[in-house]
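Colleague: Can you build the whole structure from these sequences, using the hints too?
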Amino acid sequence: MKQVVGMVVSNKMQKSVVVAVDRLFHHKVYNRYVKRTSKFMAHDENNLCNIGDRVRLNPSRPLSKNKCWVVAEILKKARIYVPPTSTPVSEKVSWH
1 MKQVVGMVVS NKMQKSVVVA VDRLFHHKVY NRYVKRTSKF MAHDENNLCN
51 IGDRVRLNPS RPLSKNKCWV VAEILKKARI YVPPTSTPVS EKVSWH
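Residue numbers for the sequence shown, in our numbering: 1 to 96.
In case anyone wonders, no lab produced these hints; they're calculated from the structure.
Treat the hints with care, since some could be wrong.
As the list claims (entries may be wrong) - Listed next, the in silico DSS-like pairs over lysine-lysine satisfying Cα-Cα at most 30 angstroms (straight line): (1) Lys2 to Lys15; (2) Lys2 to Lys77; (3) Lys67 to Lys2; (4) Lys77 to Lys65; (5) Lys28 to Lys65; (6) Lys28 to Lys2; (7) Lys12 to Lys2; (8) Lys15 to Lys77; (9) Lys76 to Lys35.
Computed from a prediction, not measured in an experiment: that's the story for all the values here.
Modeller: See the structure below:
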């Protein structure tokens, strides 16, 4: 197997992530390019990956029933939304 690049879609497990890998192939009958997505479970030793991160996976020996990939590197971190902090009630302007 070779290295693959994909997007993290789940990180709810400890030291594991689910990565969606897209691939394009040419359909001979339709004469179009078709997109297919595969989901791989991968080992994330330090729990550094978040949902939306773009990662590179290396193949490895089977680590569990479903896990035979290891996160080699995080290519691009996802932008995480931080809601603005609400101002205390005493600072709000009252118009009455």
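Colleague: Each hint: holds or not?
Modeller: Each hint tested on the structure:
Taken as a hint, the Lys2 and Lys15 pair is honoured in the structure, with Cα atoms around 22 angstroms apart against an allowance of 30 angstroms. A C-alpha spacing of about 23 angstroms is found between Lys2 and Lys77, which places the hinted pair at or below 30 angstroms, so the restraint holds. Between Lys67 and Lys2, the direct Cα distance comes to roughly 15 angstroms. Compliance with the 30 angstroms bound is thereby established for this hinted pair. About 28 angstroms separates the Cα atoms of Lys77 and Lys65, which keeps this hinted pair within 30 angstroms; it holds.
The hinted pair formed by Lys28 and Lys65 fails the criterion: a straight-line CA distance of about 35 angstroms is larger than 30 angstroms. Proposed proximity of Lys28 and Lys2 is supported: the alpha carbons are some 25 angstroms apart, at most 30 angstroms. Between Lys12 and Lys2, the direct Cα distance comes to roughly 26 angstroms. Compliance with the 30 angstroms bound is thereby established for this hinted pair. Pair hint Lys15 plus Lys77 holds up; C-alpha atoms about 17 angstroms apart against a cutoff of 30 angstroms.
A hinted pair counts as satisfied when its Cα atoms are at most 30 angstroms apart, and Lys76 with Lys35 qualifies at roughly 22 angstroms.
Checked against the numbered hints above, the structure violates only hint 5.
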